[in-house]
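Trainee: Chain by chain, the residues:
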Amino acid sequence: MSLFLCGLVVLFVGGVVSLLSGRKPAMASSLGAGSAVVGSLLAILPAFAVLASGRTESLRMNWNVPLGSFFVQIDPLSAVFLLPILGLSALAAIYGAEYLWPYRQEKNLGVPWLFYNLLVAGMALVVVARNGLLFLVAWEMMSLASFFLVTFEYERQMVRQAGGIYLVATHIGTAFLIVFFILLGAHVGSLDFDTIPAVPSSLAGALFLLAVVGFGTKAGFMPLHVWLPHAHPAAPSHVSAVMSGVMIKTGIYGLVRTVTLLGAPAAWWCWVLIAIGVVSGIMGVLFALAQHDLKRLLAYHSVENIGIITMGLGLGLLGVHIHSPTLAVLGFAGGLFHVINHAIFKGLLFLGAGAVLQGSGTGHIDLLGGLVKRMPWTAAAFLVGSIAISGVPPLNGFVSEFLIYLGAFKSGIVGGLDAAIAAVIVIGSLALIGGLALACFTKAFGTVFLGHPRSIHAQQAHEVGWAMKSAMVILAALCVLGGVLSPLIVRSAQTVVGQITSLAPDAVETELATASSTLTHFVVVALLLAAVAGLSLLLRRRLLRGRSVREAVTWDCGYAAPDSRMQYTATSFAQPLTDLFRFLLHTHKEVRSPQGVFPPDSALETDTADVCEKHLYQPVFEAIRWSLGWFRWLQHGRLQVYVLYIALTLWILLIWKLV
Amino acid sequence: MMTTLKLVHLVLAFVAAPLLLGIINRTKALFAGRRGQPLLQAYYDIWKLLRKGAVYSRSTSWLFAAGPWIGFAAVVAATTLVPFGGLRAPIAFPGDFLVLIYLLGLSRFLLVLSALDTGSSFEGMGASREVTFSALSEPALLIALAAVTKYTGCVSLSDMVVATVPRLWLDAGPIVVLVGFALLIVFLSENCRIPVDDPNTHLELTMIHEVMVLDHSGPDFGIILYSAALKMWLLGQVLVGLVVPVHTGILWLDTPAALLSMALLAVLVGIIESSMARVRLLHVPQLLVGATTLSILAVVLVLR
Amino acid sequence: MNDAADIVLVFLVLTNLMLLGLSRLGACIRMVALQGIALGLLPLLMEGGRVELHGAAFAIAIILLKGGVFPWILMRTLREVNTQREIEPFIGYGKSLAIGTLILVVCIWLSSRLPLPEPAMSSLIVPVAFFTIMSGLFLIVSRRKALTQVLGYLVLENGIYAFGVALVDKQPMLVEMGILLDVFVAIFVMGIAIFHINREFDHIDTDKLSGLRS
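Chains as they are written, first to last, in the working numbering: chain A, 16 to 674; chain S, 68 to 371; chain X, 48 to 261.
Fair warning: there could be bad hints in the mix.
Listed next, the stretches of chain A that the computed footprint assigns to chain S, with coverage defined by at least 3 CB atoms under 8 Å from CB atoms of chain S [said to hold, decoys possible]:
1. 383-393
2. 465-474
The calculated lysine-lysine pairs, modelled on DSS-like cross-linking and capped at a C-alpha distance of 30 Å, are [as the list claims (entries may be wrong)]:
3. A:Lys629 - A:Lys604
4. A:Lys388 - A:Lys484
5. S:Lys95 - S:Lys115
6. A:Lys122 - A:Lys39
7. X:Lys142 - A:Lys672
8. S:Lys119 - A:Lys388
Keep in mind the hints are simulated off the structure, nothing from the lab. Note that CB positions come from ideal geometry on N, CA and C, so glycine has one too.
With the hints as constraints, model all of the structure from the sequences given.
Mentor: Here it is as structure tokens:
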């Protein structure tokens, strides 16, 4: 535990020192990134120890705030979330040092590093805090630090707007959390997690809903996700990776912790989680299909993967409710494993997108192309990430989805009617989501990296430096390892799943052992795949030796002057699917079609605004603004009148009370 | 002994896969009043291609060259998961059908990327349609397998197939029929047969799978043809295994029965191809959603 | 009745009234400085002779800050801004004085009605604290120039501090430190802000700021 606190201190101090040395960009950069890496590595060691041994480490200190106490604890659940938080933050810091370097002339580089370290420290503190007030303080620290990071390029209007939306959204969520904690600790008088007794079932339902909304805003459940597609593209890429990979997972952590605090789950909780998971997953991937900007596409995919995680958690909770150990263990194991896997491959994809952005200067998919030749390392890393996120073997994305599927097939369907219906819904949704994700990532990778460059940006793209490359390569290697070492990883989930489901350790161990042996077969198949692939490539080389291998142009059906703009664009690639689902997407199309015999310019422009934002939030906020217009007359713009209001109120209260 | 037999079945799958194509083409030819290609034509084609040189487009990268071969490896790995003729598959475990389906997904991923690598509109078009239709057919497939899981009580493909006995038809006949229809539609869609795709068309604008591989040549193209044949054999085995209730346990009965069922399936596909026209491209999603509906109906009946 | 403390309190009242009636900004700043020094001395006088180390250190800190640092920052700002007088306040100087006296009377009456524990050493301190707060607010409300607003804010804080001295026996350091830090930062920020406002608009009439409203 002391090591963990050491790590946090290193993060704080490193951030402040980095800020103070802002005049010298090299020093600020290396200090900031270095302290982030060192701090994260220091703090991650206790997490490994706890996960391996199953013991809980705690520390309790007094804090001079009413109802607050500095009570931190690393138990297996916290450890499972600490691993991706600190690991990805360390890698993203290495990447960020190089990514922020081009900004050293216009901006003080110490500022983003201060806030980055605060963000990492905040996230780590959130998952280990065991007092409601400490939790909220860490939560706010995390949110505010990420706000300042999102608005790093504040001179762009889009970034300012994104920052505003993010700030409002996160504070709405925090408001729900404040109510949640007040209700939780009200009848006990203390906000320490270990003093909260069994909660009565009427209150438990309300608390669960508050937690779903409060934590769901951070996690990105539909329809609370509207800040994600704005904030993640606006932030610098290493920050987007951290936000999308691990910050939204703190919402999932909060939800799981709530479930462990509230005791036995009611049936409708599981249905709520599964419903949220299905809706977020399907709508997330559909909206991702319709995007033109690479980072916005990845942001919507985060929504989709949160949906998958929530589906796993919902199934797990259902397993706890109907006392089916297999379903509980497999659901939670799959969901938590997907938390870690998503952190790895989403971090990798965002870092890749940042590399594309820096190497070519644009993130607009339809302006890129052919980058695989100019940015080979980035392309290879992005390919690994795309395969992983599509849930295709042999990488880690497949394994976590496989565990959820296995739970549904093995014990969901053959269980009672409720479990069977939930299982079928989850199976169907996961299948659809998997297919759509594959479509989306073939689109993204294919349009950005393959084919011909579609614009001057892509023609002049250059590969990025070694820091960014090494971060991406490490993450890609982790994707592969996550798939190949999955039997061992699943075994090590014993402590954490046992804690969440509060099942007997023997039952958990049996289930995990069965899952582990299943995964061992899978690894055998994966190794077979690798072996046959290697042999086939050798065969190809052997076959082509000594034969004529020529180069020519792509088959163009005889057209004499093909242009790189004639390639299939990303929008066209996704068009069959986006048209099919247009009742959900409401894509706005502007067409200037060719007219006449020798048509001049024609154009097609599509724009898919977020449905929830356009039809739910904007009308509500417009209504609020309209009704507040009635009070316009109170605003003179004169400072003195406002202070007069205060003074008058003070006088009136005094006189009223004292007379 | 069992292991050797399973390996024999595996080799049989590798060897006999292109024969299916031959049977289908012969059936179509008979319907059209022609004599048709030799049954072993697919073998001749693949052999010819493997002996040729290759032409690569300047727009392509290493992905274009490596994609088909890694895709082939994926299909080969998937073959080890499929049971044949009353015997369990060489590698069988709970949830193996998921690995099977997603390995075919990997093969499709790489093929689509190879197509996009050429930078041609035709390949892009084909790729786009391919991913659309496969996204819609996967739910049908998995929900149908969910129904099968429920009525057989097994979670491994091999167990499910072994449990398909005449008794099952008596107990859950209508459900097996529904599952069979759904799986047939998915089979036709995944293997690019009419009514989803026409394997004989030469108009780029109407192709799906054919146009994705337009620029491949030589050994690459040969291995693509072989992978497609192997994939058809695989999916056919799954379909036949789950529908035809001949799993008595006596090897000398089961294996010939399985072979005969595969041949009959090929003839059936030939008949379907000859008697129907291709469905309009805009209506193919409806067809696939229909397949999903059949699967859901099967599940509903099973859960009742 | 503690004579020394009473003298200081009466002095405070006088400084407040002077602030309400003066138009030269430099003199106003000096008045506030004197107020600060007086307030620093006040707790020492309230104890009635017992001077402890941390109390003395605290008093010196307050005197330095309120009597020295803040006025210095404000004088510097005044020089940059190049204004001498507050001409045309919302409420004229004569009227301000009259209203100020009225406020003083009402404050004395109100404090007599407040259910407070008997303050140590002096019964004048609560009304004076009240009056200081109210005159600070009055300054903010009735003047135009941003610098006067800052002065009003300082006077307000002085009043709150006096109130704290009256009510709290042992002076919890944390609360006092908190207030001090708060004021320090505020003055700093305001000084900078006034400088920038003057640079942008060439004046520091807060009245004209309402033109920013869309």
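Trainee: All hints, please: hold or fail.
Mentor: To see whether the hints hold, each was checked on the structure:
1. 383-393: holds (count 4)
2. 465-474: Answer holds; 3 residues pass the 8 Å Cβ test.
3. A:Lys629 - A:Lys604: holds, 16 Å
4. A:Lys388 - A:Lys484: The given pair, whose Cα atoms are some 15 Å apart, holds under the 30 Å limit.
5. S:Lys95 - S:Lys115: holds, 24 Å
6. A:Lys122 - A:Lys39: Holds, because 11 Å separates the two Cα atoms, which is no more than 30 Å.
7. X:Lys142 - A:Lys672: holds, 28 Å
8. S:Lys119 - A:Lys388: Cα-Cα ~27 Å, so holds.
In summary, the structure agrees with every hint in the numbered list given earlier.
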